[in-house]
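Just so you know, the sequences run in chain order A and B. Taking the working numbering, the leading residue of the first sequence gets 1, the next gets one more, and so forth. Taking the working numbering, the leading residue of the second sequence gets 1, the next gets one more, and so forth.
Since the hints were derived computationally from the structure, they do not count as laboratory data. Here the structure is a predicted model, which is why all the values come from computation and not from measurement. It is possible that some hints are incorrect.
One copy or any two copies: either way a pair holds, since identical chains are not told apart in the list.
Listed next, the in silico SDA-like pairs over lysine to any residue satisfying Cα-Cα at most 25 Å (straight line) [claimed, not checked]:
(1) K655 - E582
(2) K655 - S6
(3) K655 - R750
(4) K665 - D749
(5) K368 - I733
(6) K665 - Y398
(7) K368 - F735
(8) K665 - P213
(9) K203 - G416
(10) K665 - F314
(11) K203 - G666
(12) K368 - R747
(13) K665 - A293
(14) K203 - T3
(15) K368 - M740
2 protein chains.
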Amino acid sequence: MLTFGSSSITIVAVIAVIGLAALVCAAALRRQVLAAPEGTPGMQEIAQGVQEGASAYLSRQFRTLALFAVVVFALLFLLPGDGGVRVGRSIAFLVGAGFSAAIGYLGMWLAVRANVRVAAAATRPDGRADGARIAFRTGGVVGMSVVGLGLLGAALVVLVYRTDAPAVLEGFGFGAALLAMFMRVGGGIFTKAADVGADLVGKVEQGIPEDDPRNAATIADNVGDNVGDCAGMAADLFESYAVTLVAALILGKAVMGEQGLVFPLIVTAVGAFVALLGVLVTRVRGSENGLAAINRGFYISAVVGALLAAVAAFVYLPSSFAELSGTAELGDATADPRVVASLAVVIGVVLAGIILWITGYFTGTTSKPTLHVAATSRTGAATVVLSGIGVGFESAVYTAGVIAAAICGVFLLAGGSLWLSLFLVALAGCGLLTTVGVIVAMDTFGPVSDNAQGIAEMSGEVDEEAAQILTDLDAVGNTTKAITKGIAIATAVLAATALFGSYADAVSTALGEVAERGAGLVPAMLSFEIVSPVTLVGVILGAATVFLFSGLAIDAVTRAAGAIVFEVRRQFREHPGIMTYEERPEYGRVVDICTRDSLRELATPGLLAAFAPIAVGFGLGVGPLAGFLGGAIGAGVLMAVFLANSGGAWDNAKKIVEDGAFGGKGSEAHAATVIGDTVGDPFKDTAGPAINPLIKVMNLVSLLIAPAVVMLSVPADANQAWRIGIALVAAGIAFGAVIMSRLRAARVDREQADETAGVPAR
Amino acid sequence: MLTFGSSSITIVAVIAVIGLAALVCAAALRRQVLAAPEGTPGMQEIAQGVQEGASAYLSRQFRTLALFAVVVFALLFLLPGDGGVRVGRSIAFLVGAGFSAAIGYLGMWLAVRANVRVAAAATRPDGRADGARIAFRTGGVVGMSVVGLGLLGAALVVLVYRTDAPAVLEGFGFGAALLAMFMRVGGGIFTKAADVGADLVGKVEQGIPEDDPRNAATIADNVGDNVGDCAGMAADLFESYAVTLVAALILGKAVMGEQGLVFPLIVTAVGAFVALLGVLVTRVRGSENGLAAINRGFYISAVVGALLAAVAAFVYLPSSFAELSGTAELGDATADPRVVASLAVVIGVVLAGIILWITGYFTGTTSKPTLHVAATSRTGAATVVLSGIGVGFESAVYTAGVIAAAICGVFLLAGGSLWLSLFLVALAGCGLLTTVGVIVAMDTFGPVSDNAQGIAEMSGEVDEEAAQILTDLDAVGNTTKAITKGIAIATAVLAATALFGSYADAVSTALGEVAERGAGLVPAMLSFEIVSPVTLVGVILGAATVFLFSGLAIDAVTRAAGAIVFEVRRQFREHPGIMTYEERPEYGRVVDICTRDSLRELATPGLLAAFAPIAVGFGLGVGPLAGFLGGAIGAGVLMAVFLANSGGAWDNAKKIVEDGAFGGKGSEAHAATVIGDTVGDPFKDTAGPAINPLIKVMNLVSLLIAPAVVMLSVPADANQAWRIGIALVAAGIAFGAVIMSRLRAARVDREQADETAGVPAR
C-alpha cells in the first residue's frame, strides 16, 4: 500500500499556501486596477450599461448551468467505485465547476470595470503606457487567480485524500472542464451574435462606424466581449490548468508513487512565481509593437520557469526510479528521473514558445500570411475568405506538427516505457502551463481595449490619438487571443494523450475484476487496435463530433446574429430619429435577445459533448471509445487551431486595410476584409476556443464511464440489455438535442421570412 | 498451396469478356452522341477553342505525369518481394495509371464534343429532353468505360497471376489512384482558377454576365470544366472502382480462397449490367425536376443490382465456410457465406441510396438547407459563407455517420471475425459501386451543360428558353456532382478500412520473416494500439495531412485565380475596344496561364500525399503509420464531404436567388451568393474531390512499404540508419515541396503588388 509521508504533507501544505498567496497577489493587482480614474460621467454611464448586461447574462447562465451540474452530480453517484472516493469525486466535481464559474465571473467583473478606466487612461498624456498597464494588470488578476485556485484546489484534494486523490481529482477536472465548455459556448455565441449583428447592420448596411451609439447592438457587443472573451477565456484556462494537473497527478502516482503526487504540484507552483514575474516584467516600452513586449515577457518567464522546474526536479527527486514507489511497469528504465522530468518540462516550455512564434507569424499584423490575406482583398471578399482559410489550414498543420513532435520527443526520453512516456507527456503539459500567466495577462488586452474603444467611441469624448492607442492595443489582442487558443489546445492534446493512459489503466483494472468473476467478454468491444473496423469507426465518429460541434456553434451564431440584424433594422425603421441622434436606441432589447438566444443555443453542443462518448462507449465498447477519443483529438487540434488562426488573420487583415493599405477605410478592399472578419468572428471566438474544453470533457467522461462499460460488456443477456439501453438513451439525448436545434432553426427561418415579407426591400 | 481451377478460369475469362462488352456499349453510346447535329458555325468556332485548350492541357499534364510515373515505377522495384510479382506489380502500376489517364482523356474528349451538341439541341423544339439525352449519354460512355476497363484490367491480372494476383493488383490500384489524384488536383486547379478569375472580373467588377465573350477568361473557364469535372472525375471514379476491387480481391483470397478471387469480380460484372440499365432507364420526363429522374433511375438500378448480386452469391458460393479454401482465421464462423456476402452487398447498395438522399437534401435547390443558405443572403455575404459552412459540416457528419453505421452493420454480420468483417466491408464497397454507372452518367450533366450554356451565351445564338433549359440542367449537375463525391468518398472509406486488414496482414507476415532470422524489433514502432502516444501522434499527423492537402489545393486556386484576374483586367485596360465588342480578347493567353499554373501547383499536394506516409512509416513505425491512416480516413471523409456539400449548397443557393428569390439577379442578395459560390468553387471542385484519391494513395503506399518498414525496424545500427535516412529524405521531399510552394506564393504576391502599383485604383 502506498503511503503518504509527513514531508509530502508539509510540501503540499506549502503549495496550498502558495496558491493562497497567488490569490492575494491577484487581489492586490485588482485593487491597483480599480484605483485608476473612472473617466467622464458619459463614459461611466455607458460602462454601467455594459456592467448590468454582463452581470445579468452570467447570472442567468449560472442558474441554467446549476441545474445541469446537479444532474451530473447525481449521475456521478451511479458510476461504479469505492464509496468514499465516489462521494469525494462528486463533491470535487461541484468544487471544480464552482471554481471555473467563479474565475469566469471574476474575469468579467473586473473587465467591465477596467474597460472604462482604460478608455479614460488613453485620453491622458501618457495614454499608451497607462492604458496598456491597466489592461495588462486586469489580465494579471485573471492569470494569478487561475493559478491560485488551480493550485489550491488540487493541493487540498491531495491533502485530504492522499493516495486516493487521483480518482477524486477526476471529478475536479471534469467539473472545471464541463463548466468552461458551457461558458465558452454560451459566451461565444453571445459575443459573436452581437458583434456580427452590429457589424452587418451598422458597418455594412448603414455605413456608420463600429461602436456608433446609434447602433442598438453596440452595448450588447461590448457585453459580449466580457462574457465571451473574458469570462469564457478565464474559465477555459482554469480548466486547462486543472485537467493537466489532474492527468499529471494520476500518472505521477502510477509512475513515481508518493513523489509523483507531489512533483506536478511543485512544477505548477513554480508556474505561480513565473506568472507573477511575467506580469511584473511585461510592459510596452514607448511606441514599440505590443507583440514585441509580449515576446520579451514570455521568453524571460519561460526561461526562468524552465530553470526553476529543473532545480526543483534535482532537489526533490531521487536519481533512480528504483528509489521511487511507483507501481507501473517501467521496463528496464535506467533513466535518471531528475533528468527526464526536467527535460519533459523544458519540452513543454519550448513547445509553448514555438506555438507563440507560429501563431504570431500567421496572425500578426506585420507578418507575411496576414499581409497576403489583406492583399487578396484587391480581388474581393471571396479571395479574402479563401486565403484566410488557407492560412488557417496551414498554421493548424504546423501547430499540430510541433505538438506531435513534442510528444515524440517525450516518448524518446522515456526510452520505450509506455507509462513513463505518458507521465512525461503530462509533465510537459505542466511545463507548457508555467508560461500561461504572462499570456493570459496579454490576452486580456483584447477584450478590455476593444471595450474601452467602444466606450470611447460611444461617449464621443475621446480624441483621435487616444482612439489610435486603443486600436493598436486591440490589434495586439487579436494575436495574443490566437496564441492563447493555441496554447490551450496544446494543453488539451497533452492532457488528453496522458489521460489516455489513465483510460487504458481503468479499462485493464476493470477487466481484471470481471475476469476474477470468471465472465467472458465481447472481444471486439475491447480491441484498442486501430486496424479493427469498429475502432476505426470510433475514429470517424470522434472526428465527426468535432465537426458537428463546430458546425452547431457557428450555426447558432449565424442564427442569433440574424435575429439581432432584424431587431436593429426594426429600430432604425420604426424610430427614424435614431439616425439623427434625436432618439436613443433600445440597447436593452438587443442584450435580452442575445441572452435568450445564447442560453437556448448552448445546450445542444453541450449535450452532444457529454453524451456522444457515452453512446459510443456503451454502444460499441471501450476499444472504439478509445478510437473515438483519438479521432476527436486528431481532428480537434487541427480544427481548433484552424478556426482560431484564420479568424485572427482575417481580423488583422482588416486592421491592415483600415490602416491605409489597398485603399484604406471605405474602399472596396475594406468591405472585402470586413466580410472576412465577420466570417472569422464565430470561428475564432465561438467554435474554435470551445474545442479545447470539448476534448477534455469527452476524455474525462470516457475515463469515468470506462469501468461501467467493461462491467456491462459481459455477454450475459441482462448486461447487454442495460448496455444497449444506456447507449440508445445517450444517443437519443445527443441526437435529440441536434434535432431540436434544427427545428428551432427552421422556425427562425420562417419567422424571419415573415418579417421580411412586411418590409420594403432595401 | 491455393489452386486456381479451370471453372474459375472460365468464369474470370467470361468476366473479361463482359468488360470488353461494356467497352463496346460505351463505343456505341459515343457514336450516338457524336451523331447529333453540331450547331451553328459560331458555336462550332467556340467549341473548337475549348477543344484545343483542353487537349493541349491534358497532353502537357500527361507528359509531366509520365516522368513521375517512371520514377515511381523504378521505386517499386526497390521494395522487397518475390521477383515475378515485383515485375508484375510494377507493370500493373503502369497499366493502372495508363487506364486512369485514358479514361480521363476519353471523358474530356467526348465532353468537348458533346457540349456544342447539347447547346444546339437546346435550341430545337424538344430541346429539354434532347439536350438532357445527349448530356446523359455522354455520361453513359464514361460510366461504361469506367466499368469496362476496371473489369478488364482486374480480370486479366487474375487470369495471368492467379493466386498471386492480389500483390500484383496493389500495383494496378496504386497506379490508378496516383494518376487520378494528380488529375483531380491539376484539373481542379485549372477549372477553378479560370472560373473564379472569370467571375471576379466579369461578374463582380465589370458587371457583365457569366460567359460573356468580352471576358478573356471564358474559354479557359469552359476548358476547365472539361479537364477538371470531366477528365478528373472520370479518372477518380475509375480509381474508386479499381481500388475497391483490389481490396476485395486481396481479402477475398484470404477469407474464401479461390472463390474469393472470383466473387468480387462477379459482383462488379453485375455492376456493368446495372450501369447499362441505369443509362437506359434514366430519362427526364417532360418538365420534371432532373433530380427526380435520377432518383428513379438510381432506385431501379440499385434494386436490380442488389437482387442480381444476391442471386450470384447463392448460385456461386457454397453454404458453409468449411467448403471454402480461405487461409484467414475465421473463428467459429457458422455463418452462411451466401447470406453474409449478399447482405454485405445490399448494405453497400443501401449506403449509396442513403448518401444520395442526404446529399440531395443538403444541396438540392428545393430543400431546406440550401434555401436557408439562400435566405441568409439577406444579411450579406458573411452570413452566406457561414451558413454554407454550417450546412457542409452538418451534412459531412451525417454522411460519415451512415458510413460508420454501414461498417458496424457489416461487422455485426461477420459475427466477430475480424478477417471476415474486413472482406465484407470490401464487398459492401463493391455493392456501393454497382450503382455508380447511373450516377456518373447524371454527374456529367453538370460540366457538359455548363459548357453548352457557355457556348450558347458566347455565340449569342440561343434564345432565353434554351438558356433556361441549360441552366436547369446545370443545377441538377450541381447536386449530382455532390452526390458523386459522396459516393466516391464512401468507397474511399470502405476500401481503406478493408485495406487496413491487408496492411495488418503484410505487417504480421513481415514480422514472421524477421522473427525467423531471430532479430528483435523496436516495440513502440509496432504498436497498433491507439492509446500509445506515438500511434496517437500518427492519428494527428494523418488528420494534419488532410488539412494541409486541402489548404494547398485551395491556396493554389486562389493564387492562380489572382493571376487570371490581373491578366483579364490588363486586357480590358490595354484594349478598351474589348468592352465595345470592337476587339477580340486574347483567350489563349488565359488558357496558357491556367495550364502553366495548374501544372506547377499540382506537384506540391501530390508529393505530400505520396511521401508523407513514407516519412511517418519509416520514421515512427508501422503502428503509428496505421494511426496515420486512421487519422487521414477520419478527418478525410469529413473534410471531403464538408467541402463538396458546402460548395454544392452555395452554388445552388446562388441559383435560387438568380431564379428570383430575395431580389433576384443584380440584387445585393445575389452579390452575396456569388461570393459564397466563389468560395465554394475550390472547395467542391478542387480540394474536396481530391481527398478521395488522396486517402487511397496513402493507403496503398503504406501497404507497399509495410514489409520494408518492418525489415528496417530491427534495432541494428545499419538498419536504423537506413530507416531514419529514408524517413528524413521522404519528409524532406514532402516538406520541401510545401516550402517551394510558399516561396512561389510570396513571389506571386510581390509580382501582383508591383502590377497594382502601376495601375490606377479601381
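Quick rundown of the hints versus the structure:
Taking the shortest alpha-carbon separations for K655 and E582, neither the intra-copy value of 32 Å nor the inter-copy value of 43 Å comes in at or below 25 Å. In the homo-oligomer, the alpha carbons of K655 and S6 never lie at most 25 Å apart, since the shortest distance is 58 Å inside one protomer and 75 Å across protomers. Taking the closest pair of Cα atoms, K655 and R750 come within 25 Å of each other only across two copies (20 Å); inside a single copy the shortest separation is 36 Å, beyond that limit. Proximity of K665 to D749 under the C-alpha cut-off of 25 Å is restricted to the inter-copy arrangement: shortest distance 22 Å between copies versus 33 Å within a copy.
In this assembly of identical chains, K368 and I733 lie within 25 Å of each other by CA distance solely across copies; the values are 24 Å between and 46 Å within a copy. Taking the shortest Cα distances, K665 and Y398 never come within 25 Å of each other, neither inside one copy (33 Å) nor across copies (42 Å). In the homo-oligomer, the alpha carbons of K368 and F735 lie at most 25 Å apart only across protomers (19 Å), although the nearest pairing inside one protomer, at 43 Å, exceeds that limit. Taking CA atoms no more than 25 Å apart as the test, K665 paired with P213 passes inside one copy only; the shortest distance there is 20 Å, against 34 Å between copies.
In this homomeric assembly, K203 and G416 never come within 25 Å of each other (Cα to Cα): the closest approach is 58 Å inside a single copy and 61 Å across copies. Proximity of K665 to F314 under the C-alpha cut-off of 25 Å is found in neither arrangement, the shortest distances being 57 Å within a copy and 73 Å between copies. In the homo-oligomer, the alpha carbons of K203 and G666 lie at most 25 Å apart both inside one protomer (10 Å) and across protomers (21 Å), since each shortest distance falls under that limit. In the homo-oligomer, the alpha carbons of K368 and R747 lie at most 25 Å apart only across protomers (12 Å), although the nearest pairing inside one protomer, at 44 Å, exceeds that limit.
For the identical chains of this complex, K665 and A293 are neighbours neither inside a copy (28 Å) nor across copies (51 Å), given an alpha-carbon limit of 25 Å. When the C-alpha separation of K203 and T3 is checked against a cutoff of 25 Å, the pair qualifies neither within a copy, at 65 Å, nor between copies, at 76 Å. For a Cα distance limit of 25 Å, the shortest separation of K368 from M740 across copies, 15 Å, qualifies, whereas the shortest one inside one copy, 44 Å, does not.
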